[in-house]
Structure formats: structure tokens, C-alpha cells
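Using the sequences and the hints given, assemble the complete structure.
What follows is the residue order along each chain.
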Amino acid sequence: MRLSSLKHRTPGDIAFTIGLVVTCTVVLFVTLYPIYFVVIASVSDPTMVATGRVWFIPQGISWFGYEQILADQRIWTGYRNTILYTVVGTAVNLLVTLPAAYALSRREFRPRKVLMFFFAFTMFFNGGLIPMYLLLRDLNLLDNWLVFILPTAVNVYNLIIARAFFENSLPEELFEAATIDGSNYFQFFLRMALPLSMAIISVIGLYYLVQHWNDFFTGLVFVRDYDKQPLQIVLRDILISNQAFSGGAGGSGGSGGGSYAQQFADQIKYGVIVVSTLPVIVLYPFLQRYFEKGVLIGSVKG
Amino acid sequence: MTATTTGPARPPGVVPSRGPAPDPPKGRRTGVPALRRHVHRYWQLWVMALPAIAFVAIFAYVPMYGLQLAFREFDFAAGLTGGEWVGLKYFRQFFESPQFWTLMRNTVVISMTTLVVGFVAPIALALMVNQVIGRRRKRFLQTATYLPHFISIVVIVGMLQVFLSPSSGLITRVAEMVGVSGSNFLGDTSAFVPVYVISEVWQHAGWNSIIYLAALASVDTQLYEAARIDGAGRFTIIRHIDIPALVPTMIILFILNMGTVLSTGFEKIFLMQNPLNLGVSEVLATYVYKIGILSNQFSYGTAIGLFNTLINFAFLVIANQIAKRVSNTSLW
Chain P
234 MRLSSLKHRT
244 PGDIAFTIGL
254 VVTCTVVLFV
264 TLYPIYFVVI
274 ASVSDPTMVA
284 TGRVWFIPQG
294 ISWFGYEQIL
304 ADQRIWTGYR
314 NTILYTVVGT
324 AVNLLVTLPA
334 AYALSRREFR
344 PRKVLMFFFA
354 FTMFFNGGLI
364 PMYLLLRDLN
374 LLDNWLVFIL
384 PTAVNVYNLI
394 IARAFFENSL
404 PEELFEAATI
414 DGSNYFQFFL
424 RMALPLSMAI
434 ISVIGLYYLV
444 QHWNDFFTGL
454 VFVRDYDKQP
464 LQIVLRDILI
474 SNQAFSGGAG
484 GSGGSGGGSY
494 AQQFADQIKY
504 GVIVVSTLPV
514 IVLYPFLQRY
524 FEKGVLIGSV
534 KG
Chain E
5 MTATTTGPAR
15 PPGVVPSRGP
25 APDPPKGRRT
35 GVPALRRHVH
45 RYWQLWVMAL
55 PAIAFVAIFA
65 YVPMYGLQLA
75 FREFDFAAGL
85 TGGEWVGLKY
95 FRQFFESPQF
105 WTLMRNTVVI
115 SMTTLVVGFV
125 APIALALMVN
135 QVIGRRRKRF
145 LQTATYLPHF
155 ISIVVIVGML
165 QVFLSPSSGL
175 ITRVAEMVGV
185 SGSNFLGDTS
195 AFVPVYVISE
205 VWQHAGWNSI
215 IYLAALASVD
225 TQLYEAARID
235 GAGRFTIIRH
245 IDIPALVPTM
255 IILFILNMGT
265 VLSTGFEKIF
275 LMQNPLNLGV
285 SEVLATYVYK
295 IGILSNQFSY
305 GTAIGLFNTL
315 INFAFLVIAN
325 QIAKRVSNTS
335 LW
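Protein chains in written order, with the working numbering: chain P, 234 to 535; chain E, 5 to 336.
I should point out that these hints are in silico values taken from the structure, not numbers from a laboratory. Treat the hints with caution; some may be incorrect.
[Stated by the list, open to error] DSS-like cross-link-like pairs, simulated, lysine-lysine; straight-line CA separation at most 27 Å:
#1 E:K272 / E:K294
#2 E:K272 / P:K461
#3 E:K328 / P:K346
#4 P:K526 / P:K346
#5 P:K526 / E:K142
Here it is in C-alpha cells:
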């Protein structure tokens, strides 16, 4: 809008506009087409996909891939575990992060500078994988579902975002008034700070949520028991390690069925991508506004 | 009322209406009375901060303490802190091992390429989106470009596998159409880094551009108008107004990225690895996992991990120093 005064004035501007439209179209196509292709390939006849006859419209609709996925127990176990870890994990994250962020936002609280350094230092330096592994072993957290919850209970980046919000967005007068009315820190935090901070609570809640939903590392390194593995590990086995499905399709490396089995394996993979990414993609238009806000608050220096 | 107007806001731990007000603070006092007053006034804040302090102490600082394992012989009974002191033995072993230079080269090549390309792409995208006229079109473009950010790493690598499959992949077929045939991108050692970096840009450029777009939105419109009157074209405006406006943000993000140079992408690189590309895809982070966790060489793995962390930290400090000298913008 404010650039509209720049529109079509000189031949140079017209050339610029044309170039811009072309570039934008290419960028949009490159970004969205792969996602679109996965969706149409998941419901198309796998032979037609493999021979390159599917480009923009699904061909020879086939639900074979989805039937296989729905019948596969591993996917459902993974889904169940991921939902459990995401819900409990995010709740713990918020319960630990928000009060700490509030305490650190109080300017009269002198130790906060030292505490901020204590937290921020861990963003730049850490003990690394092996000491972490041995610690979790000593705490009996290996192969324990709590390993998905406890080690990541605080994310320092989110803590800093929340602290900046409390510090900049809660008027000090409100705090003074509440104090005169006899409210203490706990009461002020619960009755005033939290209700006035729903924006930031949803932002960091969403950050934590996506982090848990996509967590692959914890399951890979710290958990052996397959019944406790989250969805991402199950996805790895199907998508990347080519583990066979009960129906016999899958295992692209297999010598027998050759390209026929490979095609069905591919269709299952397209379906699995859709099934596992769908919740995030469906929620995304509603959530992205919050995420954007989170990034911007995070960029506030402080 | 009088009690609250005499000094800075009274902490709410003390309720003014009940009984006589305690002494207002006069400067900073030390010793036991000061400590007692501090606890009396702030114990609630301490209670609120304590869980977070405890979690970070346990899950971040205990592993740091455990780094001494890099200088000790791992002893199953002693666990995290290790047994006998062996000094730099494991570092020497690593520096002299035949893998050292391969690992260093792979790590530096992958992370430096990602750093440079991954740093430039969001800036270019933001400058482009910013030129689009019309709020709704702009929003649509923005929303579409950061959609891939929310796809998990496993799914991204899974997509790469189906798209790059030598027999039936979409991208393989497109490559054949333009005359590149018989390519196996995931097994080709020269294709690993481009595939890795391009997919990183595809996934994150849109997301990372948000912050630059916000910086561009705060540019004073009068600058544009003045430039127009002086006869500047749109490229000139981008070069002399938009890009300078982004410099402070660029520097901060560059320093932060610099700090993660050698630790980038364990998960994605690990998932993309196969026997054919291992020669270029094995990096310090994946090697630590294989040595330490998969083959139980805890001390050796810790030493390599510490080496990795120290180099990271050095990069961060150097980048910060340079930024400070060049532009007065720095992290600390």
C-alpha cells in the first residue's frame, strides 16, 4: 500500500514489476508443489505415479496406501505416545517456564541478573551428548517415558521471550495498585499477570507443542523400547529405513517383488507423510499468527 | 498511601495495611539481616524461579560438570565423572585418528555452506516479499513460504527420499527431462551438500524472513518518498534504504548462527546418511553419537563432543568481536 506510489512509473518500474511477479510465482510453486504432489500421489495409482503420469491431478484413485497405514499398529502406538508426550510435556513446560519468567521480570529482584546469566550461558555452552546420556542413565531415565518430558522442561529461549513480555507489557502501576490492595507476588502472578498475558502464553505454548510433536532425537538416542517410541521414530522406520508393512509392501531394498513392491512402498510413504503431517498443516493457518508474534517478541532485545 | 509514595514500589510480600510499616530500605545492607530481609521479601519469587533453576542445574550444568570425563578413563562404577585421570589422551587419540581431517572437512563444509546460503536466502526473500504490493497478496506469500518450517525433519528426509529416488522420484524425472539422466542424488557424494543445503533453504527461509520483514516494516516511508523524488528506481531503493535498514538484525542473527556452526543438523544429516555418501556426510556430531552411544566409548565420545563445543564457542566469540568492532552491534 505504502509502496503503491512506486507502481508503474517508468519502464524500469514496469520491468521490475514483471520480474517480481515471475520470481514470486516461481518461489510459491517451488514451496507448495512438493507438498501438493505428496497429497495427490498418496491417493493415485502407484504405477501411474512411478511412470510419471501424475502431475497435477490424481490419476486412478487408489486408497491402498491408506488402508495399509490404518491397519498398521505401529502408527497408532506412535500417535498415542506422541500425543501423551506432547500434552504432558507442554503442560510441564508452561508450569515451569511461566513462573520463572515472571520472577526474572521483576526489576526489584536483585538476583535476577545472576540468574539470567545462569540460564543464558546454557544457550552457548553445553556438556554434549555423552555426559547427558550418562546423566540420564544414572537418573534411570533411559527407556523411561519421562525422558521426553523432564530434560526439556525449560527452554531458555522461550523463558527469555516470556520474561521480555512480562517486563514490557505489564504496566508497573497495575502492580502497585494490586500491592496496595494487599496482593502478594503469587496472587499478582495468578490473578493479574497470567490473564493479561494470554498472547505470550499461547505463543510459547505452541513453540513447546511443535517441539514435542517433532521430537525425534530423544527417541533415537535415549529410548530402546519400541512401545514407548513417538511417532517420529515410527516414521523414520517406514520412510527412511524402508521397514516392511504387514501387507508385504515395502522394503525397497528387497530382491523379490522388485519395482512392483517399490511402487506400493512409495504410495505408503506418501500416505504416511500426509497422515503424520496433517494435524500440523490443518492447525497451521490458525496458529501461524501466534508464531509470527512469538518470533517478533523474541527479537526484542533484552 | 504514604508508605508507597516514599520510595520505589513496595514489594507485595509486605502488606502495608497490616500493622506498622517496616523500615524503608536505606541503601544496600550486608550480612545476615540483609539476607533475612531479602528472603522475607522475595521468597515467593524464589519459589517461582526454583523449578526452572533446578531443571537447568540438573540437565544443563551436571552434564557440563560431566565433561571431565573427556580427561578421565570411563569407569562403569564411577559413571558421569569417570575414573582415573588420563589428561589429554583422548584428544590426542582423536587428532591422530585417520578420521580427524575427514570429519573436520565435512563438518566445516556443510556448516559453512549452510551458514552462508541459509543466511542470505531469508534476506533475499524478505526484500522480495516486501516489494509485493497489496496486504493480502503479501500475507499469502508469507504464509505459504513458511509452511514447510512446521514439517518434521523425519518427514523432510522422507520426502527427499521419495522425490530423489533413482527409479521413480519426481525430481529425478524432472532432471531427466532437462537432460540429466541416471542420477542418484542420495548416493552421489557430490550431491550431498547441495541436497542438504537446498532442502534447508526450502524449509526455513520463509520462517527466518519474518524477522527481516518486521525490520523492513519499520522503515520510515518518508525515506521512500524522498528517494522517489530524487528519481531512484526500485533497485536503488532496495540497495540504499532497505538493505541498510536490515544490517543490525543481520549482524545479531549472524553472530547467533555462527555459534552453532559446528553443531548444525545432527538429526537431518544422520537421517540422510547412507553407506554411499558417508565419506562426505559423516560430521563431528554424528561421529560422537556413533562412537559414544553406539559403541560405548564414553570418554572418547565426550572428548570429541567437547572439542566440537569449544570450536563452536570460539566461533561465537570471534563473530561477536568482529561485529563489535565493525558496527558496534554485539551480543555482549
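Cross-check of the supplied hints:
no., hint, result
1, E:K272 / E:K294, "holds, 15 Å"
2, E:K272 / P:K461, "holds, 22 Å"
3, E:K328 / P:K346, "holds, 22 Å"
4, P:K526 / P:K346, "holds, 26 Å"
5, P:K526 / E:K142, "holds, 17 Å"
Of the numbered hints stated above, none is contradicted by the structure.
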